[in-house]
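Below are the chains, spelled out letter by letter.
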Amino acid sequence: MSALEINKVFKDYGKVRVLKDINISIDSGEFLILVGPSGCGKSTLMNAIAGLDDITAGEIRIGGDDVTHRSPKDRDIAMVFQSYALYPSMSVRENIAFGLEMRKVAKTERDQEVERVAKMLQIEHLLDRKPAQLSGGQRQRVAMGRALARKPKIYLFDEPLSNLDAKLRVEMRTEIKKLHQRLGTTIVYVTHDQIEAMTLADRIAVMKDGVVLQLDSPQNIYDNPVNMFVAGFMGSPAMNFIKAPLVKLDQGYGVSLTNQAGDTYALPVPQAKQGSLDGWLNKEVILGLRPEQITHVMPHRQSEPFCHTLPCRVEVAEPTGADTLIEIFFNGQEVDARIEPRSQAPVGQVMELMLDMSKAVLFNPETQDRLA
Amino acid sequence: MTNTRPVSTGERLARGGIYAILIAAALVYLLPLAVMLLTSVKTLDDIRTGNILSLPVEIVFDAWHKAWSNACTGVSCNGVSGFFWNSFQIVIPAVLISTFVGALNGYALTKWRFKGSELFFALMLFGCFIPFQVVLLPMAQTLGYVGLANTTTGLVFVHVVYGIAFTTLFFRNFYVGIPNELVLAAKLDGAGFFTIFWRILLPVSAPIIVVCIIWQFTQIWNDFLFGVVFSGQDTKPITVALNNLVNTTTGVKEYNVDMAAAIIAALPTLVVYVAAGKYFVRGLTAGAVKG
Ligand SMILES: Nc1ncnc2c1ncn2[C@@H]1O[C@H](COP(=O)(O)OP(=O)(O)OP(=O)(O)O)[C@@H](O)[C@H]1O
Ligand SMILES: [Mg+2]
Chain A
1 MSALEINKVF KDYGKVRVLK DINISIDSGE FLILVGPSGC GKSTLMNAIA
51 GLDDITAGEI RIGGDDVTHR SPKDRDIAMV FQSYALYPSM SVRENIAFGL
101 EMRKVAKTER DQEVERVAKM LQIEHLLDRK PAQLSGGQRQ RVAMGRALAR
151 KPKIYLFDEP LSNLDAKLRV EMRTEIKKLH QRLGTTIVYV THDQIEAMTL
201 ADRIAVMKDG VVLQLDSPQN IYDNPVNMFV AGFMGSPAMN FIKAPLVKLD
251 QGYGVSLTNQ AGDTYALPVP QAKQGSLDGW LNKEVILGLR PEQITHVMPH
301 RQSEPFCHTL PCRVEVAEPT GADTLIEIFF NGQEVDARIE PRSQAPVGQV
351 MELMLDMSKA VLFNPETQDR LA
Chain B
1 MTNTRPVSTG ERLARGGIYA ILIAAALVYL LPLAVMLLTS VKTLDDIRTG
51 NILSLPVEIV FDAWHKAWSN ACTGVSCNGV SGFFWNSFQI VIPAVLISTF
101 VGALNGYALT KWRFKGSELF FALMLFGCFI PFQVVLLPMA QTLGYVGLAN
151 TTTGLVFVHV VYGIAFTTLF FRNFYVGIPN ELVLAAKLDG AGFFTIFWRI
201 LLPVSAPIIV VCIIWQFTQI WNDFLFGVVF SGQDTKPITV ALNNLVNTTT
251 GVKEYNVDMA AAIIAALPTL VVYVAAGKYF VRGLTAGAVK G
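Chains as they are written, first to last, in full-length UniProt numbering: chain A, 1 to 372; chain B, 1 to 291.
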């Protein structure tokens, strides 16, 4: 059963259309992540789901019921705000119990619930403090506790980790993941952090300018982006976009790449992706190749059908520890490659690189949409 | 203390000059109060023979006693004590009601915005700039219609109406600094309009409540015009009684009694300011509460 259905939702602020025809349906227990650049409408969509803001058109259903015109408290939703929004005059205990109190849960039951949540989040020793006496990470856990004290149909998290330092973020990310696995609740989660998105999500919705560009599993978003925006948004360093002419080969179509030495190579595109390429022969398309698909030569993979080796000159090298990012040029354009540190040739020298074309994607240079 | 740099003579002179100016200014401001205090404890003879700044020959509190309980304020001669309590009966409810309504207005105008709420607030601000005199006649008529003319209730009503513009302004400006997410979170938790006000907003409003109370208390206590126009014979506030006492023309002019009565009239506002003044400054500069 779908836990949340968003059908044809529009939202205008005055003359500005902030949400445009949003359609999302998620199953019970699913973890949906909304990503997108700042101002694309993520918080607006969250507020619409929670009922904190009226929508201009469309329908929102929770657990099958149409809640479009219900007030927030009747939607059975708990939300963690980016700013935590802890009630400053109340102790942690009162903060967590407030929602239960408003729903007329008896005192003894409330106390039990607070204890349970506090234990789960390891904030038992903080229960009698005021929010002002807590650190950022502790506040974050209290905010989470306030949501978890109730058992709503859906949890909404609006960038809950964005105020934390890098280490705490990673810790909390793991905690949230465990929590979701343990409780099996439906969660909609906003983040700017693509690692958070990739690690937590069952599905990711990539938004831009109030439109959902792609709603898919993390792996599919990563491997099969619908356009250049999605492709460039996920992954760090970003996918390489290389302008290259489409050529005809024995096995079908391929793209032509010229290295720094001026030698040109025609690399075939996998058969499965050739469907819509007919009109593009000898025209320029955009080849999308992630840095990890351009590597040092791995002998055991060399025999794979779409792996090709070609010599390239190392222009710049950036060691990151686990691997080294090097910059090379194809068709006169900068391209990042990710190689094993020990295999790197000194800067300015030529080394053999292996290109894995099986995951290459092609885009229309005008519309930036996916071709193949 | 740890500054071991030698202070040059020039600097010393400059500093001395600044202190001299400050002390002189303080003396000028204190002089009227000193004169009032001195005069109020002199006998009438003492006042006549000495000059205005001379110390009393003998300190007597007769004038204070008379001002409090049997000086003539117009026809009656019972001192200002009754009017003193009249003022409290006007000021306390007026301050509490206007502060409360201002808080509610400020809350609604910031956290439950409605179409036109900005315009509503702008119009309300006009209220801060309307001179007292302009509202006298319409207000008198209104009070007559509703049967509150010459009553304490009527006067309280006038002060509340006039004060709401200011209290609303204070609370609105305070509440815009309080994050909206607090209210949204409470809504999701299931709290309604008044629950959110009582449980979330009011508990963090102490600084601005203090500001409002001091401001309103001083304004209403010191008001003369509304008091003289809208009060009845027995409901006059102390400011009006003081005026009547000073202007009573029969007999000799008892400056010591006048001064004592004036000090009595000013005392409550002084006490309020001394007791809560530092919160006043703090409240005016208080920003948003950290969540
Ligand atoms: N109350 C409002 N009135 C007018 N425009 C608004 C209002 N709230 C948001 N907007 C606009 O709607 C758009 C979407 O805002 P929203 O807060 O949903 O962005 P977001 O995706 O959450 O961004 P961020 O990642 O920075 O939080 C923005 O362009 C914003 O300026
Ligand atoms: Mg946002």
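Certain hints may be false.
[Unchecked claim] Derived DSSO-like pairs (lysine-lysine); straight-line CA-CA distance at most 30 Å:
#1 Lys8/A x Lys115/B
#2 Lys278/B x Lys73/A
#3 Lys208/A x Lys153/A
#4 Lys130/A x Lys208/A
#5 Lys153/A x Lys177/A
#6 Lys278/B x Lys20/A
#7 Lys243/A x Lys153/A
#8 Lys115/B x Lys130/A
These are computed hints drawn from the structure, not numbers from a lab.
Hint by hint, here is what the structure shows:
This hinted pair checks out: Lys8/A and Lys115/B have alpha carbons roughly 26 Å apart, not beyond 30 Å. For the proposed pair Lys278/B and Lys73/A, the alpha carbon gap of about 41 Å is over 30 Å, so the pair is violated. Note on Lys208/A and Lys153/A: the hinted pairing holds, with a Cα-Cα distance of about 27 Å set against a maximum of 30 Å. Proximity of Lys130/A to Lys208/A is assessed by CA-CA distance (about 39 Å); at most 30 Å being required, the pair is judged violated.
Proposed proximity of Lys153/A and Lys177/A is supported: the alpha carbons are some 18 Å apart, at most 30 Å. Distance restraint check for Lys278/B and Lys20/A: the Cα-Cα separation of roughly 53 Å exceeds the 30 Å cut-off, and the hinted pair is therefore not satisfied. The hinted pair formed by Lys243/A and Lys153/A fails the criterion: a straight-line CA distance of about 48 Å is larger than 30 Å. Taking the CA atoms of Lys115/B and Lys130/A, the gap is about 36 Å. The hint is violated against a cut of 30 Å.
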